[in-house]
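Asker: Sequence:
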Amino acid sequence: MTRKFLLILTVFLLPCFSLFAAPTVTKIMLVGDSLSAGYGLKQEQSWVYLLQNKYVQSQEAIEIINTSVSGQTTDNALLKLQTQLATHQPSHVLIELGGNDGLRGFPIKVLKQNLRALAEQSQQSGASVAIMAVQVPPNLGPRYTQLFAQSFADIANETQSYLMPFFMTEIATDPTLMQNDNLHPNAKAQPQIADFMAKEIATWLNKTN
1 MTRKFLLILT
11 VFLLPCFSLF
21 AAPTVTKIML
31 VGDSLSAGYG
41 LKQEQSWVYL
51 LQNKYVQSQE
61 AIEIINTSVS
71 GQTTDNALLK
81 LQTQLATHQP
91 SHVLIELGGN
101 DGLRGFPIKV
111 LKQNLRALAE
121 QSQQSGASVA
131 IMAVQVPPNL
141 GPRYTQLFAQ
151 SFADIANETQ
161 SYLMPFFMTE
171 IATDPTLMQN
181 DNLHPNAKAQ
191 PQIADFMAKE
201 IATWLNKTN
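Residue numbers (full-length UniProt numbering): 1 to 209.
Misleading hints may appear alongside valid ones.
Derived pair list, reagent style DSSO-like, types lysine-lysine, alpha-carbon separation capped at 27 Å [unchecked claim]:
#	residue 1	residue 2
1	27	199
2	54	112
3	207	188
4	199	42
5	80	27
6	54	188
7	112	80
8	80	109
9	199	54
10	54	42
11	207	27
12	109	27
13	199	188
14	42	207
15	42	80
16	80	188
17	54	27
Hints listed in this document are in silico derivations from the structure and should not be mistaken for laboratory results.
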């Protein structure tokens, strides 16, 4: 082939290649605790694993980067956040934290400070943020429980983050969906959580795209 022919061929083929270029992947970094880390379950049973498989099967360009750790509190997560953001460079960050703070009776002021910092640092990296409205058992009294629940809405509003409903609200009241500790969802609950989160994440992405 002559150089002239190759040049002409390239000019015609480049637009064709762009039509078949891989779509931009939405990278969701999940910053959570045992509820998202699959505590007491095999990895392939967890809702995150099931949801990622669903995205793969439906050929949706969504990748969940799960940084969840069992027992993680908001202050634990803050210590690692900058490194995780730099490493994974997510387009979206979903914060599913606060449960362990509440179970340990952390002051509401500290919880809100940490949630605010998690959201703002994620946004400064260029990511859109969702904060899950976590709830805790009323062991520490109605006032603490109410202030705790309100914290997530307050910080979502202050940081203009998306407030996502808690995936445990209905599951936690059904003993057949809970492990023996009455704190963690069992394997039977995981597909339900995956379906719930698929809908909520779709709503969130539609609002940010």
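Asker: Work down the list of hints and note, for each, if the structure agrees.
Answerer: For each hint, the structure was consulted:
1. 27 <-> 199: Holds - the C-alpha atoms of residue 199 and residue 27 are around 17 Å apart, at most 27 Å.
2. 54 <-> 112: Judged against 27 Å, a Cα distance of about 33 Å means the pair is violated.
3. 207 <-> 188: violated (31 Å)
4. 199 <-> 42: holds (24 Å)
5. 80 <-> 27: With Cα atoms ~18 Å apart, residue 80 and residue 27 stay inside 27 Å; holds.
6. 54 <-> 188: Holds: residue 54 and residue 188 sit about 17 Å apart, inside 27 Å.
7. 112 <-> 80: Since the Cα atoms of residue 112 and residue 80 sit roughly 18 Å apart, the hinted pair holds (cutoff 27 Å).
8. 80 <-> 109: Roughly 21 Å between the alpha carbons, so the hint for residue 80 and residue 109 holds.
9. 199 <-> 54: holds (12 Å)
10. 54 <-> 42: Holds, because 17 Å separates the two Cα atoms, which is no more than 27 Å.
11. 207 <-> 27: holds (16 Å)
12. 109 <-> 27: Not OK: residue 109 and residue 27 at ~31 Å, beyond 27 Å, violated.
13. 199 <-> 188: Holds - the C-alpha atoms of residue 188 and residue 199 are around 19 Å apart, at most 27 Å.
14. 42 <-> 207: Status violated; Cα separation ~33 Å.
15. 42 <-> 80: Holds: residue 42 and residue 80 sit about 25 Å apart, inside 27 Å.
16. 80 <-> 188: violated (32 Å)
17. 54 <-> 27: holds (15 Å)
When held up to the earlier numbered hints, the structure conflicts with 2, 3, 12, 14 and 16 and fits the remainder.
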